[in-house]
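Please model the complete structure; the sequences and the hints are all you need to start from.
Number of protein chains: 4
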Amino acid sequence: MKGNEAIGEAAIRAGCKNYFAYPITPQSEVAEYLSKRMPEAGGVFLQGESEVAVGYMIFGAAAAGERVMTTSSSPGISLMSEAISYIAAAQCPAVFVNIMRGGPGLGGILPSQGDYFQATKGGGHGDYRLLVMAPDGVQEAVEMTMKAFALAEKYRAPVMVMGDGLIGQMMEPVEFPDDLKVAPSNKDDWATNGMDTRKSNKKNIVKSLFLDPKELNDNNLALKAKYDQMKEQEVMYEEYNTDTDYKVLITSYGTMSRVCKTSIDMLKKEGIEVALLRPKTLFPFPEQEIFKAATKQSCKSVISIEMSMGQMVEDVERCVKGQRKVDFYGECGGDIPSPEKICDIIKGLL
Amino acid sequence: MKGNEAIGEAAIRAGCKNYFAYPITPQSEVAEYLSKRMPEAGGVFLQGESEVAVGYMIFGAAAAGERVMTTSSSPGISLMSEAISYIAAAQCPAVFVNIMRGGPGLGGILPSQGDYFQATKGGGHGDYRLLVMAPDGVQEAVEMTMKAFALAEKYRAPVMVMGDGLIGQMMEPVEFPDDLKVAPSNKDDWATNGMDTRKSNKKNIVKSLFLDPKELNDNNLALKAKYDQMKEQEVMYEEYNTDTDYKVLITSYGTMSRVCKTSIDMLKKEGIEVALLRPKTLFPFPEQEIFKAATKQSCKSVISIEMSMGQMVEDVERCVKGQRKVDFYGECGGDIPSPEKICDIIKGLL
Amino acid sequence: MKGNEAIGEAAIRAGCKNYFAYPITPQSEVAEYLSKRMPEAGGVFLQGESEVAVGYMIFGAAAAGERVMTTSSSPGISLMSEAISYIAAAQCPAVFVNIMRGGPGLGGILPSQGDYFQATKGGGHGDYRLLVMAPDGVQEAVEMTMKAFALAEKYRAPVMVMGDGLIGQMMEPVEFPDDLKVAPSNKDDWATNGMDTRKSNKKNIVKSLFLDPKELNDNNLALKAKYDQMKEQEVMYEEYNTDTDYKVLITSYGTMSRVCKTSIDMLKKEGIEVALLRPKTLFPFPEQEIFKAATKQSCKSVISIEMSMGQMVEDVERCVKGQRKVDFYGECGGDIPSPEKICDIIKGLL
Amino acid sequence: MKGNEAIGEAAIRAGCKNYFAYPITPQSEVAEYLSKRMPEAGGVFLQGESEVAVGYMIFGAAAAGERVMTTSSSPGISLMSEAISYIAAAQCPAVFVNIMRGGPGLGGILPSQGDYFQATKGGGHGDYRLLVMAPDGVQEAVEMTMKAFALAEKYRAPVMVMGDGLIGQMMEPVEFPDDLKVAPSNKDDWATNGMDTRKSNKKNIVKSLFLDPKELNDNNLALKAKYDQMKEQEVMYEEYNTDTDYKVLITSYGTMSRVCKTSIDMLKKEGIEVALLRPKTLFPFPEQEIFKAATKQSCKSVISIEMSMGQMVEDVERCVKGQRKVDFYGECGGDIPSPEKICDIIKGLL
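Chains as they are written, first to last, in the numbering used here: chain A, 3 to 352; chain B, 3 to 352; chain C, 3 to 352; chain D, 3 to 352.
Think of the hints as simulated: they come from the structure by calculation, not from any bench.
Note that beta-carbon positions come from the ideal geometry of N, C-alpha and C, so glycine has one too.
There could be a bad hint or two in this list.
[To be verified] With a cut-off of at most 27 Å between alpha-carbon atoms, the simulated DSS-like pairs for lysine-lysine come out as follows:
(1) B/19 x A/343
(2) D/323 x C/327
(3) B/233 x A/327
(4) D/228 x C/327
(5) A/19 x A/204
(6) D/209 x C/226
(7) D/209 x D/228
(8) C/323 x D/226
(9) D/38 x B/19
(10) A/343 x B/228
[Said to hold, decoys possible] A few chain D positions that, by computed beta-carbon distances, are all more than 12 Å from chain C:
(11) 184
(12) 249
(13) 270
In structure tokens, the structure reads:
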């Protein structure tokens with residue numbers, strides 16, 4: 003299946019009944035696919051008037067206790083950033099998929115990873131975080147999309163799956179794991195129930211406005227407690243070739259990491275051991291795992307390789323705590339750096 | 003003068019002829035002030051239909067070579083984040099002032115510093131940066147606003163001044179330094195000139211769409227070169243009590259740093275030396291200065307004190323490179339932590 | 003049943019599967035009712051972002067061959083007037099219900115008939131007409147709403163049912179006649195079928211843009227032919243007390259006509275014979291019927307009684323062709339003129 | 003000067019200081035012209051986000067006592083119709099120019115007169131009227147535009163100048179009569195003055211919401227009184243060849259009437275006398291003048307010739323009161339009927 007279609011199907015399998023979106027390349031196939039598939043599955047497909055509108059449609063559905071998703075691409079996510087901040091503040095579950103474009107502005111539609119900061123540090127205003135997962139292929143896109151619904155409901159928080167145009171467009175065989183189906187969850191305690199107080203005795207109110215300083219501080223502390231819990235329980239990462247006496251540790255995520263693995267295999271044949279630590283969750287970030295992998299005795303230096311001008315590298319630097327030199331290599335026009343190029347750069351470091 | 007009004011007047015003095023905004027507490031006085039003052043000064047005051055509209059009005063005016071500013075508050079900045087990314091990509095000068103609200107969502111209107119991430123890591127999508135200045139009072143708000151226009155034009159980039167409701171509302175005596183007046187700059191080389199090719203022989207085009215990977219990469223590299231230059235030339239910070247054998251280094255910015263200074267004075271009387279390093283630019287960040295101040299021999303630990311749940315602390319951690327423990331204290335409901343509270347926290351560290 | 007709810011139920015019974023609207027007093031109960039009822043009936047209820055949006059949602063659904071309705075009130079209909087003109091030009095069937103407010107502008111919510119001109123002469127631009135029906139009570143509102151779908155599809159044209167707040171709010175017993183259920187109609191010849199050419203061999207295109215003068219003239223002639231056919235086949239009216247030697251003929255429609263009937267009964271007891279001709283279709287207008295009733299030998303004069311400042315009276319004048327004096331009486335603040343008041347006015351004429 | 007530009011200049015000469023618009027063919031040159039000219043004249047040119055926005059920008063400026071104009075074309079006027087109704091209800095002066103497109107929907111851009119009904123019977127909802135002037139060439143377009151401002155202020159009401167694409171595009175020599183310059187008018191009695199009560203002791207409020215039936219009725223009566231006064235004082239028309247014993251009376255307006263004059267001249271050479279009565283104001287309509295001209299003894303029949311499918315003809319029929327047969331001829335694809343064609347039709351009548 004094509005990545006974009008697989009993401010759509012994964013939402014259906016996860017029990018998502020509401021999909022609202024506004025078309026933007028390179029993710030429009032998700033909308034196309036779900037425009038047909040969602041009604042078949044008894045759900046609602048709706049194209050909003052704009053991404054701003056979609057953001058608030060997501061908020062509305064989520065506040066009403068519906069399982070809901072949107073997909074968009076970089077500028078579209080920017081337009082939703084106010085709504086995302088509101089959804090986080092109001093503690094509602096919702097799934098956002100960002101199939102990134104390249105560059106700020108309109109940029110280009112080829113693969114890129116320029117939205118790391120926006121996703122992990124919060125495009126919107128105020129103290130909130132998105133739980134962000136970054137798949138490296140179609141199968142993982144499926145699994146992370148399905149898992150996103152469970153995590154969103156576990157934390158009553160917006161969750162993002164962030165891929166690039168390559169994941170969206172490439173075809174790979176996929177399975178939809180039964181154990182990632184998401185069971186109905188009890189939302190009677192918090193979701194709006196309109197005039198209907200049968201479900202719960204009180205009328206639930208969902209809001210993000212807290213004019214009383216004490217109340218606002220409490221809400222921010224409640225959010226922080228969730229993010230701390232995420233840091234403890236939800237960190238996901240992959241190690242590659244870390245059981246060797248590697249000299250260099252690469253940090254890379256998403257499709258870029260697949261190229262890095264090829265480079266590592268190529269270098270191994272030349273007798274050069276290099277390892278990869280790939281964050282699968284960008285927030286929470288595998289802080290301790292990166293520190294540990296970077297400070298292995300054999301390891302001389304760390305390099306963050308991204309399809310950007312240098313974003314995740316700031317988090318890597320923070321985690322490495324000055325124990326090793328942290329380099330960076332990135333391109334961000336849409337041409338994915340080749341394995342040979344990566345090999346050259348690694349050799350250059352040595 | 004009241005901070006919000008002083009910011010408005012500073013824009014006038016700096017030669018700003020275009021102010022577009024949408025009202026939002028706690029910054030609406032800027033708009034009120036400029037609705038009267040801008041026409042007197044021969045400029046244009048315009049309230050847009052929404053913050054999304056304002057963002058693109060700013061882009062349009064900036065692309066046409068006009069000196070232009072908007073002011074807003076947290077959710078409004080989120081709504082402008084797509085436009086900010088476009089303006090950065092298209093390399094246009096523009097000044098954004100964010101008088102922050104507290105919390106994600108609607109939150110509250112009392113002083114807060116919850117938008118550090120949004121401002122410094124990019125609310126919008128893609129590889130871009132805002133040059134961000136954070137005043138600690140009305141006089142500095144004036145100076146930074148005036149300077150923002152010069153910096154915006156120097157770099158042909160969006161520049162942000164980020165304050166909080168306290169700065170917006172408090173009254174302090176102000177001077178408008180003559181040497182911060184901004185001379186007319188020659189925009190004929192790049193600004194759109196419509197049908198008028200008298201100014202330059204060619205028709206200038208301002209755009210952010212680069213479908214060719216090479217062209218997009220080049221534009222991203224050009225942006226990166228600017229941000230690197232900013233890091234070299236524009237870092238601003240203030241040191242307080244750093245000429246002592248301080249045991250603790252506080253990092254804090256904006257109005258919060260003024261409370262920290264009071265605490266430092268109070269602790270000094272008790273014989274406890276504590277220093278402050280206050281970033282005046284949040285991007286570029288005083289990375290080396292913080293490292294140096296943190297690693298002074300007498301200094302045992304660092305604490306970042308913010309009116310947030312912990313944002314700038316991540317940059318401080320990154321700069322300290324594991325050489326000292328980095329603690330954090332923050333409140334973010336709108337009640338500013340008292341000097342006594344800060345003293346207690348510092349003593350707790352010791 | 004309350005009138006507004008009965009209108010909603012009538013749409014369901016007529017096979018309407020799509021209802022899009024934006025709330026506005028005094029018709030919001032239609033939306034409330036259908037928000038629950040439409041999903042039960044396997045249809046779609048959708049609140050648009052604005053009346054402008056709703057107008058184009060109606061157009062889209064109608065162009066796709068869906069049976070679709072909206073309800074609104076005066077200002078909302080104005081906002082839809084561009085879309086109504088497009089729907090007429092593009093020859094798509096759709097049902098609009100206008101439960102009128104009083105006055106231009108925001109006016110008031112009490113019963114009024116101020117939108118006669120807008121409905122019958124075309125609020126939108128260009129040469130088009132709406133087929134307009136005006137019920138005098140809840141039962142007729144039901145029947146006309148059901149019939150509206152059949153007429154819309156017969157003519158592939160927008161059809162309007164126009165009532166007032168009294169009809170919307172009052173409760174009367176209602177029946178939903180089985181013979182007004184609308185059979186599925188074959189839309190394969192003209193409705194958009196997207197990529198699906200199974201239904202018809204060619205891809206249908208629905209449009210209102212005709213840049214070629216010949217093509218535009220042809221489309222306008224095709225529209226005119228429909229309106230001429232309506233004039234021949236769809237005129238509906240009611241006569242009351244016309245089998246007497248009445249001295250005065252009242253023309254009146256909607257709820258206003260019910261008051262006139264009471265006045266006629268009261269006057270009969272005093273020995274004064276007065277007749278009523280009530281247009282049930284406002285377009286096509288019962289032109290010949292009014293001429294005939296006005297020129298009956300016993301009849302000395304005609305008076306148009308409306309809850310407006312004088313709108314239908316222009317059409318009455320046109321039809322009477324100067325053969326009788328045509329007077330007017332109207333009020334338009336929301337207080338319905340009383341039967342006694344009408345009696346006095348009639349006596350004044352005599 | 004080109005008609006569209008002349009209309010723009012006429013507004014300037016009449017003292018208009020505010021022009022808000024949204025581009026639409028065939029009137030975009032007015033906006034182009036005023037985008038340069040308005041700032042030169044110390045006024046404000048502003049392109050709105052949409053015609054809906056422009057309508058309310060007009061309302062806002064008018065309510066604040068500013069002299070204000072917009073220009074648009076058919077669909078744009080439809081989008082403004084809600085605002086026009088509000089402006090009428092709130093009794094504010096404003097000038098609307100409609101350079102008509104052909105057909106309902108998007109139609110075409112060639113000359114047409116399809117918006118007669120919309121202009122004269124009220125596109126918007128509720129009991130209101132526009133004073134509508136229809137120029138037959140560039141000079142008259144200039145004079146009517148200038149006069150429109152005086153009339154708008156005299157009546158505190160929206161006034162429309164309605165032309166077609168031919169008037170907008172054709173070039174003719176023009177003069178801007180000094181006596182049509184509009185003196186400043188005292189608006190202190192009614193216009194909003196914000197916080198400023200120096201101008202008048204009370205704070206003026208401009209509104210269109212009247213929830214009290216009595217108050218609403220009074221406002222509607224006040225409006226009606228204005229329209230009655232217009233009918234007495236503002237009727238404008240032109241007679242052509244009416245001093246002969248004409249057998250046929252043509253009614254026609256705008257550019258169409260110029261073709262009719264040519265036909266009349268051609269027929270005169272053949273010994274056939276035909277007259278023209280051209281309404282220059284479409285509302286108020288020259289009711290008595292048409293009746294009088296139609297019932298001249300020599301006159302056997304009346305024909306309304308329009309670039310529409312038959313709109314003004316309804317008013318002509320009403321005025322002729324059945325005393326003569328009223329025929330109609332119209333084309334509405336954008337090709338203006340030729341003088342020869344008109345001659346043939348007239349001969350057919352005889």
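Status of each hint after checking the structure:
1. Of the pairs offered as hints, the one joining residue 19 of chain B and residue 343 of chain A is violated, with about 49 Å between alpha carbons and a cut-off of 27 Å exceeded.
2. Taking the CA atoms of residue 323 of chain D and residue 327 of chain C, the gap is near 11 Å; set against the 27 Å cutoff, the hint holds.
3. For the hint linking residue 233 of chain B to residue 327 of chain A, the alpha-carbon distance of about 20 Å falls within 27 Å, and the restraint holds.
4. Straight-line distance between C-alpha atoms of residue 228 of chain D and residue 327 of chain C comes to about 24 Å, which keeps the hinted pair within the 27 Å bound.
5. At roughly 26 Å between alpha-carbon atoms, residue 19 of chain A and residue 204 of chain A fall within 27 Å of each other, so this suggested pair holds.
6. At most 27 Å may separate the alpha-carbon atoms for a hinted pair to count; residue 209 of chain D and residue 226 of chain C exceed this at roughly 40 Å.
7. As the CA atoms of residue 209 of chain D and residue 228 of chain D are separated by approximately 18 Å, the hinted pair is consistent with the 27 Å bound.
8. Under the criterion of a C-alpha separation no larger than 27 Å, the hint pairing residue 323 of chain C with residue 226 of chain D is consistent with the structure, at around 24 Å.
9. Proximity of residue 38 of chain D to residue 19 of chain B is assessed by CA-CA distance (about 17 Å); at most 27 Å being required, the pair is judged to hold.
10. Among the hinted pairs, residue 343 of chain A with residue 228 of chain B is consistent with the structure: their alpha-carbon atoms are about 26 Å apart, no more than 27 Å.
11. Residue-level check passed: residue 184 of chain D sits 25 Å from the nearest beta carbon of chain C, beyond 12 Å.
12. The Cβ of residue 249 of chain D sits about 21 Å from the closest Cβ of chain C, beyond the 12 Å cut-off, so the non-interface label holds.
13. Distance check for residue 270 of chain D against chain C: the nearest CB is about 30 Å away, which clears 12 Å, and the non-interface claim stands.
Of the numbered hints given earlier, the model fails hints 1, 6; all others are met.
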